[in-house]
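Enquirer: Can you build the whole structure from these sequences, using the hints too?
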Amino acid sequence: MRVAILDDEPAELRRVEQTLRQMAEPGEPAWSLHSFEQGEDLLRQLRRETFDLLILDWQLPGFSGLSLLRWTREHMDAPPAAIMLTSRDGESDIVQALNAGADDYVSKPFRPNELKARVAAVLRRHSQQRAAATEVLSFNDLVFDDAELTVKRAGKPIGMTEREYRLARCLFSNLGRPLSREYLYERFWTHEEMVSSRPLDTHIYRLRNKLGLTADRGWQLLTIYGYGYRLESVGVAVE
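Here the sequence shown is numbered in numbering that gives the first Met the number 0, starting from 0 and rising by one per residue.
No wet-lab data here; the hints were simulated from the structure.
For lysine to any residue, the following SDA-like pairs were computed, each having C-alpha atoms within a straight-line distance of at most 20 Å:
| hint | residue 1 | residue 2 |
| --- | --- | --- |
| 1 | Lys-209 | Pro-156 |
| 2 | Lys-151 | Asp-140 |
| 3 | Lys-107 | Leu-12 |
| 4 | Lys-107 | Glu-8 |
Expert: Set out below in structure tokens:
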């Protein structure tokens with residue numbers, strides 16, 4: 000789970016981090032927490048990284064948390080879940096943030112157990128909404144079925160492991176966006192698997208071949224040197 004936390008008070012950032020570190024279930028990887036004191040810094044990261052959850056303070060010098068929330072809803076095809084965590088607790092403030100797309104609103108000073116419960120509820124609700132909205136998706140001649148974890152071309156299933164499916168689904172859900180190796184490893188591999196080999200490169204090679212991610216089929220899976228990968232549509236119609 001990758002979480003971006005935005006607050007211009009370092010002490011508050013540390014308190015939120017300490018609370019969220021307790022969210023991982025036993026046996027699960029620790030959550031990857033990324034803290035920002037300026038909205039502009041988080042905005043730059045959102046243009047090149049993927050997060051599962053944003054926790055945003057409202058009042059910041061420069062680019063505010065509310066402005067950043069609105070940007071994600073206006074410019075991202077699949078914006079992450081977002082919780083406003085702010086000292087502004089007037090009814091009009093809460094209504095304004097929820098209307099801007101916030102999934103929940105928590106007032107400062109926050110109570111750790113309440114924040115954990117709200118985070119869990121938002122992530123659960125967000126996951127259910129995405130599953131319901133994107134159970135079957137088509138990309139040119141490829142049809143992804145999230146319920147069956149299968150990909151079909153012209154009605155014929157393509158043999159894939161569950162991890163290959165989820166990695167491919169992630170790439171297609173983020174068309175045109177660079178995904179870092181760090182993000183992909185954190186999401187799809189345990190630490191033990193990462194240190195033993197280079198599984199990401201192997202899986203990318205398999206996906207190129209199995210899904211036909213080539214220009215003649217309308218796709219280009221680019222390797223970004225020193226960073227990661229980006230899947231692009233090159234606008235070629237498949238006959």
